[in-house]
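S.K.: Start from the sequences and build out the full structure, keeping to the hints where you can.
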Amino acid sequence: MRPLDENETTVVFEKIFKFVGNNLKNIVENPSHEGPEQDPGRYCFRLHKNRVYYVSESLVKRATNISRKSLVSLGTCIGKYTHAGGFHLTIMSLSVLAANAKHKVWLKPTSEMSFLYGNHVLKGGLGRITDSIVPGDGVVVFSMSDVPLGFGVAAKSTQDCRKLDPNGIVVLHQADIGEYLRDEDEL
Amino acid sequence: MVLTRSKKRVTKSQTPPSKKAEKPQAMALKRKPEKPQSPALKKGAAKSQNKPPMKKQKKEVVEEEDPLENDEEVSDVESEELGESDGGEDGSNGFFSDENKEENDEEDEGEELLGDDFLEGSGDEEEHSDDSEEGSDSDSDEGDIEKESRLIDEEEAKEEADAEAELLDFNKEAGDDAFRLPTEEELEEEARGPPDLPLLQSRIKEIVRALSNFSVLRPNGASRKDCVEQLKSDIASYYGYNSFLIGALFELFPPVELMELIEAFEKQRPTSIRTNTLKTRRRDLADVLLNRGVNLDPLSKWSKVGLVVYDSQVPIGATPEYLAGFYMLQGASSFLPVMALAPRENERIVDVAAAPGGKTTYLAALMKNTGLIFANEMKVPRLKSLTANLHRMGVTNTIVCNYDGRELPKVIGEKSVDRVLLDAPCSGTGVISKDESVKVSKSLEEIKQFAHLQKQLLLAAIDMVDATSKTGGYIVYSTCSLMVAENEAVIDYALKKRSVQLVKTGLDFGQDGFTKFRENRFHPSLKMTKRFYPHVHNMDGFFVAKLKKMSNMKQGTEDDEEEALGIVDEDGETMEGMEKPSVAKKQPKETKESKKILSKFKVDKSGKKDKKSKLKIEPKIKKKRKNKTTVRMEISQAREEKRRAMRGKSKEKQ
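Going down the list, the sequences are from chains A and B. One point on numbering: in our numbering, the residue at position 179 of the first sequence is 179, and numbering is uninterrupted. One point on numbering: in our numbering, the residue at position 39 of the second sequence is 1039, and numbering is uninterrupted.
Quick caveat, the hints were computed from the structure, so don't treat them as lab data. Incorrect hints may have been included.
[To be verified] With a straight-line Cα cutoff of 25 Å, these simulated PhoX-like cross-link-like pairs (lysine-lysine) come out:
{"hint": "1", "chain 1": "A", "residue 1": "K49", "chain 2": "B", "residue 2": "K1379"}
{"hint": "2", "chain 1": "B", "residue 1": "K1279", "chain 2": "A", "residue 2": "K49"}
{"hint": "3", "chain 1": "B", "residue 1": "K1225", "chain 2": "A", "residue 2": "K61"}
{"hint": "4", "chain 1": "A", "residue 1": "K102", "chain 2": "B", "residue 2": "K1279"}
{"hint": "5", "chain 1": "A", "residue 1": "K49", "chain 2": "B", "residue 2": "K1554"}
{"hint": "6", "chain 1": "A", "residue 1": "K104", "chain 2": "B", "residue 2": "K1379"}
{"hint": "7", "chain 1": "A", "residue 1": "K69", "chain 2": "B", "residue 2": "K1410"}
{"hint": "8", "chain 1": "B", "residue 1": "K1279", "chain 2": "A", "residue 2": "K108"}
[As the list claims (entries may be wrong)] Examples of chain A residues toward chain B, derived with CB under 10 Å:
{"hint": "9", "residue": "P3"}
{"hint": "10", "residue": "P31"}
{"hint": "11", "residue": "E34"}
{"hint": "12", "residue": "K69"}
{"hint": "13", "residue": "S73"}
{"hint": "14", "residue": "T76"}
{"hint": "15", "residue": "M113"}
{"hint": "16", "residue": "Q174"}
No residue lacks a Cβ here, since even glycine has one placed at the ideal position from N, Cα and C.
M.R.: Structure (structure tokens):
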């Protein structure tokens, strides 16, 4: 387990920035209430076995005496590096992203299950959508009852969405909570 | 019933032949002032009183008969009579008003309730019986009725006597036609073909019945042992157990309870879920799930987060709420060790065998994501589900590691955490309803291996806890097994090896653990542990024990010292039991021990004990392998000295 070096930090932050924008500051500087000390520490990012974890500092301190082979997970895993060197955010980062998301989309109840199976979000399933979405932005997908379902990349801007036909893709699927059942091994 | 019947008969017998004779009689008996009431009123009153006696009528509807058809014309007049009689009294003039009332109501309602066809058949019978008794009713009405009622009472008494006689006969018959154990030839025959299930089942029931009252019901000449052996083999072949497991269960329960337990193992326990309080509340979750078509209820009064699912239109393990981490599928018994551990916020907790993560996530929810949890799991394939569950439920204060639980103290450090939860790997004899393979796959060797592993794990867990922790110092040990070797014996071992004490689990239901079992005698505080059974509590078989670490010293011999001095009230047997395992430890730890013991006794008890401890330590240091007699002598010596000291002190006081 080691802290991220510069390149890695940039890559990770860029990915997160697409979803949360300026709230990135929030994420990085959030006072954490984990750890047995009374005063809040801070969160930090750590790299372990190609996975990036978002952990409280006090947890990191205590995890240092666990050997590299035996340490499996710390705090929240937010993503992993691929063999090629790219970085992907995984579904486990949903709680962090959802709390700070700038661009949100709400799905109608009928199309929730479709998204949870891994399909893209179609115009017909769209309930609400926040304004000022640019294609290529990260979007967090919610159900109508504000339960976060997953996230993806916007395919069209908000304006274009209004003109789209019902089968047009609005959000390209990247991760959803159905993966906890479908792809448990991949996580 | 008797009175009404007789009334009925009287009325019926009376009305057809002597209608007109009755009317003046009835009128005469009734209070005259009621006569001048207007017909309208009477009828109204009659109708209003139709309702209260309805119940009587419904019983007697079958008995209605021709009077219904015959008396239609008279109904108006009789309703008038009724109106008069009932208007004034509450049946205190009793008899006549009641009978008339009934009659009237029957007539009105009999027609409404049932068709004539229905009544005719029954009516005929009634009439015959009535006719037979009519003869005796020629005297004054009251005398007749008393006679009739007496007759009926006698009949009933006769019937009861007959019934009792029958019962006795039945019992006798059962005894004569008695159940007997199958002979060898019969057994051979049975063994040849496939097992005859109904025969087995009936034999099982018979033997259980016989065993419950063996002196009376013993099958001819067979010994108790034979009955038990036969029962064991029958249960084994009927339900599919191996002989070891049946034997072990037999030692734990009496035959009747054993049958209940085995029946309970054949069925599934109800599916239960636990609300994730980090993300939602039970009430909200229940509402959402009810909307999805899940039929559920709160689990029971001892849990504020549990829900039991009866049936569901959607798969309960795949709803969007499940995937969003609002709840966890978890058996009710798994709530118990976490409730017993009761972690506080900002504590350091270790979960030694954490996968798949139900208990770990419950711990995190109780701590509200503060503090720190080490979730350890030895088996690599199970780590994925543990990690996934933790992330799904939104737990952020956990470090997941992959160690053998016995190595954990070296890694995490000794005396470094506040609480430890050890849900030990076990034989699983309490969860046979989930996994039938346990019935045939367990043997004595395996139980012993598990017990050995569990003892080591428990000692490691105890070592990790910091006894001086402000809010903590607790270890909870739990298994999903019913075997004493894996439960009480392991705790007893730990009590001897470390300075821990049992405390109340905080669970106010469940059966107490055993303090003695066959040849074993355990520490009396073992009764603070809890056992749960499927047939009693409707949850998987479980065992929970909560230990408090008293001091950070690791001693195996301090307990010896205490016992020798009679501080802890135990027999020589336990001393002997302890001698062997702790002999090895004694040598290196002697010098430290003696000093510590002295200091401890100074703190705990009065000054007189110091002298004794000094006296006692020296002989103990010398002894290596003592036989039982010398040990016993030492104990008795110690006790005598104590008594002398007590006498000395009391004399001083005087």
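S.K.: For each hint, tell me whether it holds in the structure or not.
M.R.: Results for each hint:
no. : hint                : in the structure
1   : K49/A with K1379/B  : 19 Å, holds
2   : K1279/B with K49/A  : 29 Å, violated
3   : K1225/B with K61/A  : 63 Å, violated
4   : K102/A with K1279/B : 21 Å, holds
5   : K49/A with K1554/B  : 38 Å, violated
6   : K104/A with K1379/B : 40 Å, violated
7   : K69/A with K1410/B  : 16 Å, holds
8   : K1279/B with K108/A : 22 Å, holds
9   : P3                  : 17 Å, violated
10  : P31                 : 12 Å, violated
11  : E34                 : 4 Å, holds
12  : K69                 : 8 Å, holds
13  : S73                 : 4 Å, holds
14  : T76                 : 5 Å, holds
15  : M113                : 8 Å, holds
16  : Q174                : 16 Å, violated
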